[in-house]
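Protein chains: 2
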Amino acid sequence: MKYLLQDLKVRINDKIYIKDPESSALGKRIIENSIFMIHDLGFESFTFKKLGEKIGSNESSIYRYFENKHKLLLYLTSWYWGWLEYQLVFDTNSISNSEEKLKKAIEIITRSVKEDSSFSHINEVLLNKIVVNEYSKSYLTKEVDNENKDGYFSIYKRLVTRIKDMIIEVNNEYPYPSSLSSTVIEGALHQHFLKEHFISLTDCNNKVTPAKYFIDLVFNSLRK
Amino acid sequence: MKYLLQDLKVRINDKIYIKDPESSALGKRIIENSIFMIHDLGFESFTFKKLGEKIGSNESSIYRYFENKHKLLLYLTSWYWGWLEYQLVFDTNSISNSEEKLKKAIEIITRSVKEDSSFSHINEVLLNKIVVNEYSKSYLTKEVDNENKDGYFSIYKRLVTRIKDMIIEVNNEYPYPSSLSSTVIEGALHQHFLKEHFISLTDCNNKVTPAKYFIDLVFNSLRK
DNA sequence: ATATTTTAATAGTATTACTTTTATTTTTGC
DNA sequence: GCAAAAATAAAAGTAATACTATTAAAATAT
Chain X
1 MKYLLQDLKV RINDKIYIKD PESSALGKRI IENSIFMIHD LGFESFTFKK LGEKIGSNES
61 SIYRYFENKH KLLLYLTSWY WGWLEYQLVF DTNSISNSEE KLKKAIEIIT RSVKEDSSFS
121 HINEVLLNKI VVNEYSKSYL TKEVDNENKD GYFSIYKRLV TRIKDMIIEV NNEYPYPSSL
181 SSTVIEGALH QHFLKEHFIS LTDCNNKVTP AKYFIDLVFN SLRK
Chain B
1 MKYLLQDLKV RINDKIYIKD PESSALGKRI IENSIFMIHD LGFESFTFKK LGEKIGSNES
61 SIYRYFENKH KLLLYLTSWY WGWLEYQLVF DTNSISNSEE KLKKAIEIIT RSVKEDSSFS
121 HINEVLLNKI VVNEYSKSYL TKEVDNENKD GYFSIYKRLV TRIKDMIIEV NNEYPYPSSL
181 SSTVIEGALH QHFLKEHFIS LTDCNNKVTP AKYFIDLVFN SLRK
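As they're listed, the protein sequences go chains X and B. Quick note: the first sequence uses the numbering used here, first residue 1, plus one each step. Quick note: the second sequence uses the numbering used here, first residue 1, plus one each step.
Treat the hints with caution; some may be incorrect.
Said to hold, decoys possible - Cross-link-like lysine-lysine pairs, in silico, PhoX-like; alpha carbons within 25 Å at most: (1) B:Lys69 <-> X:Lys69; (2) B:Lys157 <-> X:Lys212; (3) B:Lys129 <-> B:Lys157; (4) B:Lys142 <-> X:Lys50; (5) B:Lys69 <-> X:Lys137; (6) X:Lys15 <-> X:Lys137; (7) X:Lys50 <-> B:Lys157; (8) X:Lys224 <-> B:Lys142; (9) X:Lys104 <-> X:Lys114; (10) B:Lys142 <-> B:Lys9; (11) B:Lys137 <-> X:Lys137; (12) X:Lys114 <-> B:Lys142; (13) B:Lys142 <-> X:Lys137; (14) X:Lys71 <-> B:Lys69; (15) B:Lys104 <-> B:Lys212; (16) B:Lys104 <-> X:Lys137; (17) X:Lys142 <-> B:Lys9.
To be verified - Beyond 12 Å from chain X on every Cβ pair, some chain B residues (computed): (18) Arg11; (19) Asn13; (20) Lys15; (21) Arg29; (22) Ser57; (23) Glu59; (24) Asp91; (25) Ser98; (26) Lys101; (27) His121; (28) Asn123; (29) Leu140; (30) Asp145; (31) Val160; (32) Glu169; (33) Leu189.
Stated by the list, open to error - A few chain B positions that, by computed beta-carbon distances, are all more than 10 Å from chain X: (34) Lys54; (35) Glu186; (36) Asn220.
Treat the hints as calculated values from the structure; they're not laboratory data. Don't be surprised by glycine CBs; every beta carbon is placed ideally from N, CA and C.
Can you make the complete structure from the sequences, with help from the hints?
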């Protein structure tokens, strides 16, 4: 599988960038180092000027790739969801039993990324942490409806739909498959955040994974 | 109940503000109009300068009350959670049946605020919308651990704990009461957001309330 | 009526989030 | 291998943000 991923290029909506960062060495350095910097500084303190300094390049050159840092965040998070979707499809495709398939799917989307598959300049471990801490900020904006129309969230939406379809496969009478799917995906990020910063608000810890909690939650809801 | 609320003053951690906005007419105008402006502009575009202009006052005067707009957001959201907690306690206190009590609690925390109880300068309808759109931003920061230590999120945490305790009352063998509580409270905000901006990702709409979905979710999990 | 506190007005600073222009370097097409 | 085109770097500039500091005026409290 690692092998196959070597050639994977996640397809990102080309309105998100001005110039495709995958198309040049500078572009790749922008992506690689923006992940380090956003992880270190947090999205609010991260600026293109600082990034330019870090990669020994100019602020204005970065603007040739992304209109602003919000678009860069959309790029990074879209890439992440696309990467997760690939794993989801790959790892569940051969499972014929629908319960098992859904269980596996929940495991994949709720686990924290432990090792950098390092097939590229993208560090998935850090990117996963960025998504936990920053993803909400990409859509909790006044521009969300326009950006949604432009398809900026389509990969994420496709992922929610995939899980929804698996839920329906298990129990087609369950009345809230979309809400349950979005709850699990968003809730997983939230439980990971709580685990790090508000331990009294979660039961997840070293021993109890979010996967365990969410599998219990989902299958209790789908019992007939 | 409206009557009783007239005298309610939500107690906010006094480190959140420099000068208590409840203590002066200017302070109250700051709160009242910041709610209008954050709702209109979104938190990112909201500034103290604009607020100063709107209330016919000076930017620097607002800084006498709040260190920065992040602290103002913490104030507003703390007030909101305190107000919700009051309703929760008030409306569930007399219910002796623990299932019924939890059901009522979920209804209260997942409903959207429909009418301004207008006992004060605070518009709860708009504040509820602000919480849906902006609350995550108050804790998804690099300062969260320090601010948590300083008790900035204590009202919210107390609310999560109250629901957790009600969950345990219904089924003390359920292994994830804290996670379930935090999932419902955070998930309710999320479902309301999806309802407005990503209808394909939720089953909630005019007819199906988030309350309905979450009551089903919770009680399916608590069945013995 | 005076002292104290609060608010308003003004000005100033450092930083952000860009844009523009021009020069230099790199790539590519022939 | 060279010219043209494209990409990048450097520098400078702008408007806005997120503040701080100072001083004056107004409100209030004793």
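Do the hints match the structure? See the list:
1. B:Lys69 <-> X:Lys69: Between B:Lys69 and X:Lys69 the Cα gap is close to 21 Å, so the pair holds against 25 Å.
2. B:Lys157 <-> X:Lys212: Holds, because 23 Å separates the two Cα atoms, which is no more than 25 Å.
3. B:Lys129 <-> B:Lys157: Measuring from Cα to Cα gives roughly 20 Å; hence the hint holds.
4. B:Lys142 <-> X:Lys50: 17 Å, holds
5. B:Lys69 <-> X:Lys137: Within the cut-off at roughly 16 Å; holds.
6. X:Lys15 <-> X:Lys137: 19 Å, holds
7. X:Lys50 <-> B:Lys157: Answer violated: X:Lys50 to B:Lys157 is near 36 Å, above 25 Å.
8. X:Lys224 <-> B:Lys142: Between X:Lys224 and B:Lys142 the Cα gap is close to 44 Å, so the pair fails against 25 Å, i.e. violated.
9. X:Lys104 <-> X:Lys114: OK: X:Lys104 and X:Lys114 at ~17 Å, within 25 Å.
10. B:Lys142 <-> B:Lys9: With Cα atoms ~30 Å apart, B:Lys142 and B:Lys9 exceed 25 Å; violated.
11. B:Lys137 <-> X:Lys137: Satisfied, since the Cα-Cα distance of roughly 7 Å is no more than 25 Å.
12. X:Lys114 <-> B:Lys142: The hint holds at about 22 Å.
13. B:Lys142 <-> X:Lys137: 14 Å, holds
14. X:Lys71 <-> B:Lys69: 24 Å, holds
15. B:Lys104 <-> B:Lys212: Since the Cα atoms of B:Lys104 and B:Lys212 sit roughly 11 Å apart, the hinted pair holds (cutoff 25 Å).
16. B:Lys104 <-> X:Lys137: 31 Å, violated
17. X:Lys142 <-> B:Lys9: 31 Å, violated
18. Arg11: 20 Å, holds
19. Asn13: 16 Å, holds
20. Lys15: 18 Å, holds
21. Arg29: Nearest chain X Cβ is 24 Å from B:Arg29, so the label holds.
22. Ser57: 25 Å, holds
23. Glu59: It holds; B:Glu59 is separated from chain X by about 21 Å at its closest Cβ, greater than 12 Å.
24. Asp91: Non-interface label stands for B:Asp91: nearest chain X Cβ at 23 Å, farther than 12 Å.
25. Ser98: 18 Å, holds
26. Lys101: Since the minimum Cβ distance to chain X is about 20 Å, B:Lys101 lies beyond 12 Å and the statement holds.
27. His121: 24 Å, holds
28. Asn123: 19 Å, holds
29. Leu140: 6 Å, violated
30. Asp145: For B:Asp145, whose nearest Cβ neighbour in chain X is about 6 Å away, the distance does not exceed 12 Å, so it is violated.
31. Val160: The claim is violated: B:Val160 sits with its nearest Cβ about 5 Å from chain X, within 12 Å.
32. Glu169: 17 Å, holds
33. Leu189: 10 Å, violated
34. Lys54: 18 Å, holds
35. Glu186: Violated, since 5 Å does not exceed 10 Å.
36. Asn220: 5 Å, violated
In the structure shown, a violation is registered for the earlier hints numbered 7, 8, 10, 16, 17, 29, 30, 31, 33, 35 and 36, in ascending order.
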